[in-house]
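Asks: Listed in order, the protein sequences are those of chains X and F.
With the first sequence counted from 1, adding 1 to any position gets you our numbering.
With the second sequence counted from 1, adding 14 to any position gets you our numbering.
Treat the hints with care, as some may be off.
What the hints assert, rightly or not - Residues from chain F that face chain X, not an exhaustive set, calculated with beta carbons under 7 Å: (1) 25; (2) 36; (3) 95; (4) 101; (5) 157; (6) 158; (7) 160; (8) 185.
To be clear, the hints were calculated from the coordinates, so they are not data collected in a lab.
C-beta: ideal position from N, C-alpha, C; glycine also.
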Amino acid sequence: MNTAFLVTGGALAGALAADLLAAHELPPLAAGERLGRFVLVAEIGRGGHGVVWRGERDDRTFAQTVAIKVVKAGAGLRARFLRERAVLGQLHHVHIARIVDAGERSDGLLWFAMEHVVGEPADRHVAGLRDWRRGIDVLIAVAQAVEHAHRHLVVHGDLTPGNILIAADGMPRLLDFGIARRLDDAESGGDVLFTPGYASPEQRAGRALTTASDVYQLGRLVQRWLLEGRGPQPPRWAQRLLAPVVARATAAEPARRHAEVSALREDLALIRAARAPRHVPSPPSLRLSLFLCRHRRAALLGAVLVALSGVIAAQQWAHHRYARERLLRDARSSREVSAFMSSLFRAANPNDNGGRRVDAEEILRRGAERIAQDLSGQPRLKADLSLAMAEAYLQLGRTEAAEPLLLQALSLRIDGDAVALARTLEVQALLRHRQGRFGEALQAADAGIAAVAQSDDVLLRADLGSRRGNALKALGRLDEAVAEFDASIARIRTAGSDSDALARLHNNRGLAMMQVRRLPAARADFEQALAIYAQRYGEDHPLWSGAASNLSWALGELRQFDAATTLIRRRLRISERLYGAQSAEFANDLNVLGGILGDQALRREAIAEFERSARIWRAALGPDHPAPLHPLHNLGRQRLLLGEAQRAADLLAEVEAQRLRLIGAAHADTADVQLDLGDALRALGRERDARSAYARSLAAFSAIAQTPPQRLAELRARLAPSAPAAH
Amino acid sequence: MDEDFLALLERCRNGEAHAQHALAALVYADLKHIARRHLKRGRWINTLDTTSLLHESYLRLGNAAELPLASRAHLLNVASRAMRRVVCDHARRRLRRQDPLPVLLDDDAALFDEARRITALDDALRDLARVEPRQASVVECRFFTGLSLSETALALDVSERTVERDWADARRWLAMQLAAA
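Sequences and hints are given; from them, build the entire structure.
Replies: In structure tokens form, the structure reads like this:
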């Protein structure tokens, strides 16, 4: 190999630098050319990003007409394209034109083949409608499609009448997701292309697209079709209700808009049903009539239970269908349970609290008192209710209140049926885990699995699998944990169940994958969990947002900062509302946020979040729980990266000591902090101490089966005799 | 951010290894960011203009003219290291990507040749840095960043004659290494 290329600036003049920087031009295409399985028939559209061709499938399988969007992608975009393709492949929604295939030609030309929708342009269709409510239906359908995309972290960014076709069924198909931006796209600079009159202010200013941009554009569509006379005219009262909704959705400042597309959609649906929108102030007269309506319905016992679960959804345990199913399991006790619950409900009197935010703690406290007093002759009912209450307390983060109720339930189950016992043990495993007593959590899960072995309760077995896997993970037995999750997921899939339990398993396996740094696998697991929760409960439900927190962690580690930040900030709002700003959950989310900031080298900001997280977490869980050590460890890392080696070393040494005390030496977390401590000591020139820390870390990592090999290599390099005194 | 940057620069001058590392990370992120922005606007059609790129980095510091000479030297130094990373990372990514494509066009072939050359050079430079670290730094400044003799001398705090000599020696040594590879 000659070195003629070794000239001043040589690296900057060649093909490689050009490839690094230049955007490829779109090569000319002609009818009859093939792209993948398709033959191009005719060009049907052209835009700034590329051209659209009508194509026919040509692989002798079956006839299929597609719209093929051909885009030019500069060098370096290929990886992003492949990622995007994977996600667009997941957008299966009745109101989104489906991606059929996608590919790349050897010259770098990228293409998408989409379902070819035969339909009417949305503007023309809406103009021909007579009932304004049909217009709202179209808008709601579009909003649902956009929500679906947002759940997959895709922002459409160009929601204009021209990108919506109304198919023969009268419902819309959203086109052009091929140019949409992924929220986790690292290159967040504003896209240049937009449609005048529909672009949000932030788009026009060239700033990054967010979900708020789609809210804006949907608002513009509502305005265009229902308030500007281009579609059917709603009655005066509906216009009065729609106007503030449009005003909010199209606010110049993204933060003032509806927080989510679902909120805007909800407002539209309420107005369609002649009710006041929830996300904008509405006239007092309407509020009063709605209040009366609620009051009348609450008089019916059946409705009381529904209302109760609705109320408590806001407080985080409506998803505990187990609790409710158990309560309603047999007719004999369900009457008593209904009476019991409704009495609690009446006592808490939601209407005095504005109708929505009943104090769940108050309900639970009364419940626990009544269980003790009134149910002494009915052990099974007493156990059921105690367990339900214990679960509810756990969901509220109140382990100390949950414990006596749970022990009471356990003592009543000794001779009961095996499934009920297993269910109780499952909750006990959760309780012990929350208390940081992982060995006992594992015992409880194992006992539960033994109890449920003879039954065919797949979901319960899956939940016990989750608990067992989590306990193993917390104990540092990662390979066993992953094996348990794999087996449980396989079992539940065989049973064909698409349930909370499956979502939990994916979520938990994702966490284990994070620990062994298998980031794409973790991300896939979190996305699975998120999709299940979104489908079952909608977004912003506590379960959804919990999985979202984990996904944003994974995205941050994968350096997809935009998406990660958007998700975690949304999750922080939810967890503050649900658990309060002093809760362990909130602290956990702050820790994730700090990590994402730190990865972007926003060190001061990261440090502030870590400090806050550690303080809140410690106050919430007490001195003997290992979780608050995570933000402290991260804090030490950031100080080290800032060059504050002494402060870093002090912090990291403290974390090491605490971890040795609480989780022992043979744990990846302990080994991790020892490695960082070594770095800090080396930076201080304390070479002997540094080597000692590295040696401790190496010993611990070597003992853990799932340690990634590069970790060990890293450590050996640091311990090599020639290793630099400061790296 | 900018305050951090200046503080880091200051600590670099005091010889703090960690600050050096952190500063390189900052500049690296900067260069990538700026390069992407230019790419997006469709400017910079065929050459990577390091001088204007560094100029933008200077702008972050406020008044570049008032920046002490030693700080400018450090910035050049650190930027050169970052440039090497930008280019070599890209080359490696390109090579990794090559496998799934069975047919290569002519342009691609040239590209992959260069990518292979650059990664081989990167590896050889690593070896060189062990025995002659300054020579390796000179290659970073000259080849990867396009710095002139005098800028390189400033960046490495040596005389221009030394730079000339190192540059010649390094090229000879690298020629041998790359021929053997």
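Asks: Each of the hints needs a verdict: does it hold here or not?
Replies: Verification of the supplied hints:
1. Interface restraint check: residue 25/F against chain X, minimum CB-CB distance 6 Å, threshold 7 Å, status holds.
2. For the restraint placing residue 36/F at the interface with chain X, the shortest Cβ-Cβ distance is roughly 6 Å, inside the 7 Å limit, so the hint holds.
3. With its C-beta approaching chain X no nearer than about 13 Å, residue 95/F sits outside the 7 Å limit, and its interface hint is violated.
4. Annotation: residue 101/F was flagged as interfacial toward chain X, and the flag holds, the nearest CB pair being 5 Å apart, inside 7 Å.
5. Hint status for residue 157/F: holds, given a least beta-carbon distance of 5 Å to chain X, under 7 Å.
6. Contact between residue 158/F and chain X, as hinted, is supported at the beta carbon level, the nearest pair being about 5 Å apart and thus within 7 Å.
7. Nearest Cβ of chain X to the Cβ of residue 160/F: about 3 Å, under the 7 Å cut. The hint holds.
8. Evaluation of the residue 185/F hint against chain X yields a held restraint, the C-beta minimum of about 5 Å falling below 7 Å.
Checked against the numbered hints listed earlier, the structure breaks hint 3 alone; every other hint is satisfied.
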